[in-house]
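Undergrad: For reference, the chains in residue letters:
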Amino acid sequence: MDNNKLENTNDPIDLLKQAKPEETSDSRIEHLIQKSESKTSIRYRSPIGAKTKFALLTSPALIALLVVQGLNQYSSSPTLSLDLRGSMSPSLTNSLSSSSADCVIPNQRCNGGWIDWNYTVLPSVSSDSPDGPVYSLSRFGKEKELTKALAQELGIDQPISKEIEEAGVDSQTLFSAGSREDENVYVGYSRTSTNLSYINQAGKDWIRCQSDSYRSTEDCSSVTFENMPSESKAALYAQKLLKTIGLTASEDISNLKDGDYFIQVTKTESETIENHQQNMLTVSARMILNGEPTAGGIQFYWFKGSSKLFMIDGVIYKAEAKGAFRTLNAENSLVRLNKYVTLPSVREQFTPSQKSIEGMPWEQRKKFYDVALGKADPLSIDVTITRADKGLVTIYDAEGNAWVVPGIHYFDETGYLGSATSLNSEYIQMDKAKE
Amino acid sequence: MDELEFSQRIRLAIPSLDLYVGSRTQKQHVDDVCSDAIAIAWQKRHNIPQQSADATHDPLVPFLILTARNLIRNLERRLSTRNRNMKDLLPQDSPSAESVFLENSNLAQALKLMKPKDRELLLLLAWNELSIAEIARIMQMSKANVSVRLNRSRKRLSNILQELSQEGH
Numbered sequence: 145m146d147n148n149k150l151e152n153t154n155d156p157i158d159l160l161k162q163a164k165p166e167e168t169s170d171s172r173i174e175h176l177i178q179k180s181e182s183k184t185s186i187r188y189r190s191p192i193g194a195k196t197k198f199a200l201l202t203s204p205a206l207i208a209l210l211v212v213q214g215l216n217q218y219s220s221s222p223t224l225s226l227d228l229r230g231s232m233s234p235s236l237t238n239s240l241s242s243s244s245a246d247c248v249i250p251n252q253r254c255n256g257g258w259i260d261w262n263y264t265v266l267p268s269v270s271s272d273s274p275d276g277p278v279y280s281l282s283r284f285g286k287e288k289e290l291t292k293a294l295a296q297e298l299g300i301d302q303p304i305s306k307e308i309e310e311a312g313v314d315s316q317t318l319f320s321a322g323s324r325e326d327e328n329v330y331v332g333y334s335r336t337s338t339n340l341s342y343i344n345q346a347g348k349d350w351i352r353c354q355s356d357s358y359r360s361t362e363d364c365s366s367v368t369f370e371n372m373p374s375e376s377k378a379a380l381y382a383q384k385l386l387k388t389i390g391l392t393a394s395e396d397i398s399n400l401k402d403g404d405y406f407i408q409v410t411k412t413e414s415e416t417i418e419n420h421q422q423n424m425l426t427v428s429a430r431m432i433l434n435g436e437p438t439a440g441g442i443q444f445y446w447f448k449g450s451s452k453l454f455m456i457d458g459v460i461y462k463a464e465a466k467g468a469f470r471t472l473n474a475e476n477s478l479v480r481l482n483k484y485v486t487l488p489s490v491r492e493q494f495t496p497s498q499k500s501i502e503g504m505p506w507e508q509r510k511k512f513y514d515v516a517l518g519k520a521d522p523l524s525i526d527v528t529i530t531r532a533d534k535g536l537v538t539i540y541d542a543e544g545n546a547w548v549v550p551g552i553h554y555f556d557e558t559g560y561l562g563s564a565t566s567l568n569s570e571y572i573q574m575d576k577a578k579e
Numbered sequence: 008m009d010e011l012e013f014s015q016r017i018r019l020a021i022p023s024l025d026l027y028v029g030s031r032t033q034k035q036h037v038d039d040v041c042s043d044a045i046a047i048a049w050q051k052r053h054n055i056p057q058q059s060a061d062a063t064h065d066p067l068v069p070f071l072i073l074t075a076r077n078l079i080r081n082l083e084r085r086l087s088t089r090n091r092n093m094k095d096l097l098p099q100d101s102p103s104a105e106s107v108f109l110e111n112s113n114l115a116q117a118l119k120l121m122k123p124k125d126r127e128l129l130l131l132l133a134w135n136e137l138s139i140a141e142i143a144r145i146m147q148m149s150k151a152n153v154s155v156r157l158n159r160s161r162k163r164l165s166n167i168l169q170e171l172s173q174e175g176h
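Same order as they appear, the protein sequences are chains A and B.
So the first sequence is numbered by this note's numbering: it starts at 145 and just counts up by one.
So the second sequence is numbered by this note's numbering: it starts at 8 and just counts up by one.
Treat the hints with caution; some may be incorrect.
One side only, chain B facing chain A, incomplete, derived with CB under 7 Å [claimed, not checked]: (1) Arg18; (2) Leu19; (3) Asp38; (4) Cys41; (5) Ser42; (6) Ala46; (7) Leu114; (8) Ala133; (9) Trp134; (10) Arg161; (11) Leu171; (12) Glu174.
These aren't lab readings, by the way, just hints derived from the structure by calculation.
Note that the structure is a prediction, hence the values are computed from the model and not measured.
Where is the CB? At the ideal position from N, CA and C, for every residue including glycine.
So here's chain A without its partners, still in its complex pose (with noise of 0.2 Å):
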């Protein structure tokens, strides 16, 4: 900065030069290129040396090679392979709720080797490996028909605009409508998947004019708060907005098949939204496969004050059949457990374990961040398995493709502990390694 060329000294953009951050050390620059490598197949070449990068290629934040090669129960010739190498779509877009072994914040499901399970299976728990449906998920519909048909039904009257966006290595054709000053509705699709989303803008004057500090500063006097609707009146919403693209959604999961999507409502009150609590009602559709509902989806939003619709986000696919695959049961798949880059997304939140960490007290948990900062030794914890559940449980391959594969939830006596994905072995070639 040149504080020389600045001619007023109480200009706040004086004040902010003057705040800024020291510029980022050397050895943050080498982390970061080093993270972005470990993102990408790309190998390029760095001034790294080529120790570093040895390092670098086998360190467990890479748990790099999952090589599903599935063979149907009829036939011995593969007909899958899930490269997992560089998975990136899900580190960034499930940051929070995947693993990854370098992640910031411990949870459940982002362990990152920081703690160590001793399992112990009850000899209760079924040992038995049934056959399970893998499903492959891809882009659902014509994006540009999906778009205009949700903005007529949203009543935004514009005409469809395409755009490209960064989205990951994976760019995204948006097809938009409407403004995004105001209220705009938009599908997107990448090469693997199509994205629904629609935001309100006035919804953000309802959220922030609810804010003291926020009230004190801008003209809320145009802002009108009304009441949100009923729950049985967002359903039938949300249902209605998911007729208009060709989805069949009910709240009577017994009336559903493969490919649509069972309706969930909650009511939450003092959600964190933009710094300010407020109250929530979200409307979750699930695809059903095999008769359950699988993980994502997508979610409709109201907010305390809106009456209409507030925002849409989620991913929606078209699911393909690949046949029945052999399994591994509860046992031997356990070591897949907390152990892998990429663990599978589950299709609701069980209550968690209090020997998982996100069932642990807060003051227990924190202890995680020691570990994760090197200030503390791995813990070990010993879990008793006392139930596991067969389900479907989704993964996201190299490429950024979605596929739904059979897992299993597991138990102790507490509650959930984690799930892994039980596709037999003998389709999977891990890195030794890694593991």
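Place chain B on chain A using the hints.
TA: Frame of chain A, contents of chain B only:
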């Protein structure tokens, strides 16, 4: 393009990227966003112009910032849907942005009270030292709009600082 040369350009651009991302998102996401932006730059390096002799900045800097901005926008959209799951997990000391850096509490407080877009404009100017044209490209606004909005933001920040000062903060 020579990869060693691009690698060097990346190194020189990282401080500006790190500064921007650090001012726009919570600190636990900074490394992820920065490294993703760098990875994307490597993939798109053949489309990023070379720095001309008379340019103040390497065009790689606004490219990285624009990419990071898009990544953050995507991240925020997704995080908003996950707020209910993560509220317990976010430690109290995961502040966003400026408060990490700013020792001047009035300035930190004043920035907090600005609209996010205005705050972003001011910091792109003051911290990243980008030109109006570069800011316009990043913010996807016209240059005229950026100038007008910067002027207003500067005044608004000045007024807030004055109010805070009068309140004895």
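Undergrad: Against the earlier hints, flag every one the structure doesn't satisfy and list their numbers going up.
TA: 2, 11 and 12
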